[in-house]
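K.L.:
Got chain A; can you put chain B on it based on the hints?
2 protein chains.
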Amino acid sequence: MKHTGRHFNGKHVLNKQDVTNILANVRVVLSHTSHPGNIGAAARAMKTMGLEQLYLINPLKFPNHQADVMAVSAIDVLERAVVCSSLDEALQGTVLVAGLSARVRDISQEVLAPRVAMPLLAQQAQQHPVALLFGTEMSGLTNDELARCQFMVNIPTNPDYSSLNLASAVQLISYELRLAAGLGNIEAPEVVPAPAEQVERYFVHLEQTLADIGFLQTKHTTKLMHKLRRLYSRARLEQEEVNILRGILSAASEHHAKQQQSKQ
Amino acid sequence: MKHTGRHFNGKHVLNKQDVTNILANVRVVLSHTSHPGNIGAAARAMKTMGLEQLYLINPLKFPNHQADVMAVSAIDVLERAVVCSSLDEALQGTVLVAGLSARVRDISQEVLAPRVAMPLLAQQAQQHPVALLFGTEMSGLTNDELARCQFMVNIPTNPDYSSLNLASAVQLISYELRLAAGLGNIEAPEVVPAPAEQVERYFVHLEQTLADIGFLQTKHTTKLMHKLRRLYSRARLEQEEVNILRGILSAASEHHAKQQQSKQ
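So the protein lines, in turn, are chains A and B. Counting in this note's numbering, the first sequence runs from 1 upward without gaps. Counting in this note's numbering, the second sequence runs from 1 upward without gaps.
There's no promise every hint is true.
Taking CB as the label site, the calculated pair distances span [stated by the list, open to error]:
1. A:R236 x B:Q66: 39 to 47 Å
2. B:Q123 x A:D76: 38 to 46 Å
3. A:Q126 x B:P159: 48 to 56 Å
Listing some non-contacts, in silico: residues in chain B with all C-beta distances to chain A over 10 Å [stated by the list, open to error]:
4. P63
5. N158
6. R178
7. T209
Don't read these hints as lab results, they were simulated from the structure. A virtual CB, placed ideally from N, CA and C, is assigned to each residue, including glycine.
If we strip away everything but chain A, and leave its shape as in the complex, we get (with noise of 0.2 Å):
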């Protein structure tokens, strides 16, 4: 697969069609990245949550073959890569710069938790470029990409093992991004739990059976009918769920009465 990825030019303002929503307007920053295979996964891992626009600061190996293998069906995004020579050039244009960083003790910056960052990006990016800018896989941020940080997120990490790859780093942002974006809904099939009246008819009709095939005792009448609408009340019952259980009491009541007459 052959590309050379966007060099820098000066002129990549985003034109008025591009923003079109949140994401469009983030920019996705990798600074002096050792691993190809990394940029590829990052790209793979924008792309699943819908950001597009890749920076590369002086990639170490860029293009390259193991990147290629590792963005799988997020190519596109390595061939719009823009890859820059310096930090200015990466940051032209945003209003906004955050930082990821893992290790926050000798930082003086205002460091923020994803879920309290994201939002607070997303609702610049409605606007004006924004861009989050991710250090290199050894050593993080430096002290003079630091300082061009408006704030600095750092993920919540197991406190003994708190190794993130950057992909994986670049992974959850974007999926935080996405969520802040309110693009967090899914495409779920709905369980439409069934009115009240019908699941009630339910219960009458079950406590009716279950008197008929001689499964309840009076006195323990009320405490199991009682067990029995927890069960199904937690299940959320849908229509057709009542309409098959309801078909089992009428088949389970005619089997009895069946049996009862063959036995007189």
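P.N.:
Using the frame of chain A, we list chain B on its own:
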């Protein structure tokens, strides 16, 4: 690196002392994983978020060098991984099973977003083992596996490219679970804004100094001071910053006074 994984022996009931927190009760079950690198990357993703119980149902290749390489320092999670030959073995003892699914159209089960599902899972895991079930890289969960899940979890993604890497999915879900378990705090240097009266004295000092050096034109004073207040309020000045700024004001006043004297 040599390890064989722990093999299923029908007796991995958690010890009481293991059940010290929610995360220790969460089992990540990977079914029929094709690429050993994904198993290693999943182990690393889990460990960064504090999860350590990895169960593998018939992995294609495990133990495997590529898994070890991708696990980096989460090699201990691989070493303690439980290799099972059936879903029954992997789920033994769990009271709640959540299945991950990328495709939700054909699923009739309830599908929840991670931010809704993980609090449910975390609450149950306060007391009992629970499982997160991930299917194969190519085809996800089988119908038999789906049937064993109490609910499905779907990660919100770009509808045009929803192809999350297996380890990325494990990373995102582990992160949401960590936050749901109440372990989402970050270690951060606190910004401690100065008390209101100190900030107010700064504004008085600022206005006085701007008058001293002849910057303020009386008719615009109110408007200009309002703009400067807006700027510094947004920054939430710390006490040390107030001291620095007032030091600069004092220096400016003195410098101006000296210049005035030398002119006379």
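K.L.:
If a hint holds in the structure, say so; if it does not, say that too.
P.N.:
The hints, checked one at a time:
no., hint, verdict
1, A:R236 x B:Q66: 39 to 47 Å, "holds, 44 Å"
2, B:Q123 x A:D76: 38 to 46 Å, "holds, 41 Å"
3, A:Q126 x B:P159: 48 to 56 Å, "violated, 21 Å"
4, P63, "holds, 20 Å"
5, N158, "violated, 4 Å"
6, R178, "violated, 6 Å"
7, T209, "holds, 26 Å"
When the structure is compared with the earlier hints, violations turn up for hints 3, 5, 6 and for no others.
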